[in-house]
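Enquirer: Each chain, written out:
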Amino acid sequence: MKEFALIFRLKDIADFKPTPEQMQERMNWLAGIASQNKLADKGNTLLPFEGSAKTVKPNRVVTDGAYTEIKEFISGYIVVKAESLDEAVEIAQANPIFDQVGGSVEVREVLRRD
Amino acid sequence: MTAVLCRHFGLKHIEVAEDIASDTFLKASEHWAVHGIPENPGAWLYVVAKNRAKDYLKRVWLHETKIRDQQTDVVQPEVSFEFNRQLLSDSQLAMIFAVCNPVNPDESQVCLALQILCGFSLEEIANAFLAKPETIKKRLYRARTNLRRDNFPIRELSETQVKQRLDTVLRTLYLLFNEGYFSKTSDKQIRMDLCSEATRLTMLMTENPLTNTPQTNALLALMCYQSSRLGARTNERGEPVLFEEQDKSQWDQSLIDRGNYYLVQATNSAVVSRYHLEAGIAYWHTTPTDQNKWHHILQLYNQLLIIEYSPIAALNRTFAFAKVYGKQAALPEAEKLKLENSNYYHELLGYLYADTDSEKAADHYRAAIKLSRSKAEKQVLRRRINALEQGAVPRGR
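Chains A and B supply the protein sequences, listed in that same order.
Everything in the first sequence is counted per the numbering used here, starting at 24 for the first residue and increasing by one.
Everything in the second sequence is counted per the numbering used here, starting at 431 for the first residue and increasing by one.
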């Protein structure tokens, strides 16, 4: 079994706060992974708001808010267990977030240090 | 009594403490048979135990000084023995913490707890586990050797000790309770005993401010809720009665009330442990009618699984999912679980297929029958297959 980080990105800060129904769907998805014993780390949700996020750049330059590329920002991550990258991608594809607000999920294998 | 004695001897000499304790009870049975039960039997027992302990220490002391010159490791015989209520509950508590030692695997911890904390005999433990007494004996021997090596001091508990061990202690008590609640044995008495012993020990923990944590209260709430259904869960022949067929008037309301009380005690901080979630689920099961009952149960199972995976939680969560979103939606969720070796997995799939594909449903029920070790369960499943074959829709799980 390998481990893969799923890194969630959203397009708009307004999408960050899900409705209770959307939250329920996301919880169902997450618990669905957990019930296959494939959740290695439930990860964290990362607050993108001013006052909770700053970005530090070279030469001690600090900007407000989360790091954004175009407008996307990282909203959180989890770590799953999967046999292959393809399986991890399949898990990511089932994420309800695409139907809810769009955004993207980056799937990255975790380097194992011995 | 063994706990109080161990306070003096240390865990290294637990056998000595146990010998003195059982010796005391033997003497009591002889003496009381002739002279009748004394006015204060507890005090009587402790006076005898005290004298026996002193005798023993004197002997050891003589032995050590005369034969082996001076020895510092020996307990001095002049130490005073005290047995009182406060000391008794403190010692029992410390004993729980000493016995629930993470050096031992889960199963051994439960065996040890049964033997040392609950006074079960080897045969009784073997019966509860449906194992050979010889196996249990070996397991206990190894576990005791580990305990002795660790030599946890039986004194008043310190905050650090509680912090380090509380999780292990609660887990052992949880397993002890489950051993009774989901026991392999069909002997109703053993099951009841295990559950009430686990509850007693957990209750003891709520009496000391150090161990009276939200988790402890949540676990106790869980035990109360589950115990409230103990009587209704098996019929007079010891066969399990399905949840939906249980006579709800047989549920013990006073235990449900106690469960509510401890659950409230458990929620006065932000901590949410697996015991909170399981107690929450048990709570919703004891409330007969609520529109959103299964919504709540599904959410709690979701959280429980995210904290810690277990096959049974995964299966129960999928059942709750079916109750909320329908059997069709739950099927892919269920098939992803891949628990082919579990009879409950096939039972669940049989239930989910029952309305749409009776052949597949029957296949799964047959697979469940093959895997199940319970006669009563097999019978229930056979009835469901019959119902499927006759085209009738069987009643839920």
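Treat each hint with caution, since some may be false.
[What the hints assert, rightly or not] With a straight-line Cα cutoff of 25 Å, these simulated DSS-like cross-link-like pairs (lysine-lysine) come out:
#1 K723(B) <-> K753(B)
#2 K805(B) <-> K618(B)
#3 K808(B) <-> K618(B)
#4 K104(A) <-> K80(A)
#5 K25(A) <-> K77(A)
#6 K790(B) <-> K800(B)
#7 K484(B) <-> K562(B)
#8 K65(A) <-> K766(B)
#9 K766(B) <-> K104(A)
#10 K593(B) <-> K567(B)
#11 K805(B) <-> K723(B)
#12 K77(A) <-> K104(A)
#13 K768(B) <-> K65(A)
#14 K768(B) <-> K25(A)
#15 K768(B) <-> K104(A)
#16 K77(A) <-> K34(A)
#17 K790(B) <-> K25(A)
#18 K768(B) <-> K753(B)
Hints in this document: simulated from the structure, not taken from any laboratory.
Enquirer: What are the numbers of the hints the structure violates, in ascending order?
Expert: The structure breaks hints 4, 5, 7, 10, 11, 12 and 17; every other hint is satisfied.
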